[in-house]
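Residue numbers (our numbering), protein chains in the order written: chain L, 1 to 166; chain Z, 1001 to 1166.
In case anyone wonders, no lab produced these hints; they're calculated from the structure.
Do not take every clue at face value.
Mimicking SDA-like on lysine to any residue, the simulated pairs with C-alpha atoms at most 20 Å apart in a straight line are [as the list claims (entries may be wrong)]:
id, chain 1, residue 1, chain 2, residue 2
1, L, LYS123, Z, LEU1071
2, Z, LYS1123, L, VAL154
3, Z, LYS1123, Z, ILE1037
4, L, LYS123, Z, SER1115
5, L, LYS123, L, SER82
6, L, LYS123, L, THR94
7, L, LYS123, L, ILE37
8, Z, LYS1123, L, THR47
9, Z, LYS1123, Z, ARG1085
10, L, LYS123, Z, GLU1038
11, Z, LYS1123, L, ASP15
12, L, LYS123, L, HIS155
13, L, LYS123, Z, ALA1117
14, Z, LYS1123, L, ALA117
15, Z, LYS1123, L, ARG85
16, L, LYS123, L, PRO81
17, Z, LYS1123, L, SER114
18, Z, LYS1123, Z, SER1149
19, L, LYS123, Z, GLU1029
20, L, LYS123, Z, ALA1054
21, L, LYS123, Z, SER1149
22, Z, LYS1123, L, LEU152
23, Z, LYS1123, L, GLY102
24, Z, LYS1123, L, PRO81
25, L, LYS123, Z, ARG1085
26, Z, LYS1123, L, ARG161
27, L, LYS123, L, ALA146
28, L, LYS123, Z, GLY1102
29, L, LYS123, Z, ASP1015
There are 2 protein chains.
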Amino acid sequence: MHLVPKTVTSALHADLAPLAFLLGRWAGEGEGEYPTIESFRYGEEVTFSHVGKAFLAYAQRSWSLEDGQPLHAETGYWRCPSPERVEVVLAHPTGHVELAEGSVTGTALTLSSSSVAGTRSAKRVDELVRHVDVAGARLSYELRMAAVSQPLAVHLRGLLRRVAGP
Amino acid sequence: MHLVPKTVTSALHADLAPLAFLLGRWAGEGEGEYPTIESFRYGEEVTFSHVGKAFLAYAQRSWSLEDGQPLHAETGYWRCPSPERVEVVLAHPTGHVELAEGSVTGTALTLSSSSVAGTRSAKRVDELVRHVDVAGARLSYELRMAAVSQPLAVHLRGLLRRVAGP
Chain L
1 MHLVPKTVTS ALHADLAPLA FLLGRWAGEG EGEYPTIESF RYGEEVTFSH
51 VGKAFLAYAQ RSWSLEDGQP LHAETGYWRC PSPERVEVVL AHPTGHVELA
101 EGSVTGTALT LSSSSVAGTR SAKRVDELVR HVDVAGARLS YELRMAAVSQ
151 PLAVHLRGLL RRVAGP
Chain Z
1001 MHLVPKTVTS ALHADLAPLA FLLGRWAGEG EGEYPTIESF RYGEEVTFSH
1051 VGKAFLAYAQ RSWSLEDGQP LHAETGYWRC PSPERVEVVL AHPTGHVELA
1101 EGSVTGTALT LSSSSVAGTR SAKRVDELVR HVDVAGARLS YELRMAAVSQ
1151 PLAVHLRGLL RRVAGP
């Protein structure tokens, strides 16, 4: 009887080979803006890990550069059901869930939300478009958002470095 | 400049007082069944944590009792926008996102999905209903599911013990 899970030393699932460049822990800074808010800068950490199954586990958190207090977070899974095609499922503490699908070309990704749904108390978010570009140990991203009656506009840009290997 | 996040020693956000009984790390075993599959038993770990903001971070993973290999996982956030009302947003590595809303009565919860959406490669899941009951350091739950053309039926039952405090 295995009363604790096996320590994972599994090989990466073959389906995930196109996303292997994301694996590891990334940290850096970003800048947020939106027509309805003051611009702000933030610290950020992102982790992509795996357990040998056909998904990457993803966790993100950001914090204020002024006082270190937590800002946003998001968590979910990345899948690659066929080469060059990526599916992402995310939960946000703002009360949203996000389904996104897109393509991977080399070490660059574009993801567009096919659905963003919110709980009754959540603000309205209509669309999220994410670009991620990895060059060696540098990961840059841009997130555009259509929310609270605004058209699709840049909301976040960040630049992270890999601080722990895959 | 805070290049790393503050170590969280924050008090629990006042909105979350009705959910405080969930905090901590829980571990135990469960049993899975469904009309379309063989029954199975699993080991499981669930964690509810907070960073001082108005959400609990939730992470679950289960593993085979036979060989310790990972089985399911899910991750997301729990909110309590008004006393007795709970909102949950979850991502599943099966390619699903789940929005659930429900009520909390003492240390028991009932949650019904208001939306379960899947990526193009995901199996169809129509509805999830969760009951959670905490008595001191014991957490029992039942999850019923309507999926792959089956009506709502028991899928999972588990019994966990708190193994690390809030």
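- Please name the hints from earlier in the document that this structure breaks, with their numbers sorted from lowest to highest. Hint check: 1, 2, 5, 8, 9, 10, 16, 19, 21, 22, 26 fail, others pass.
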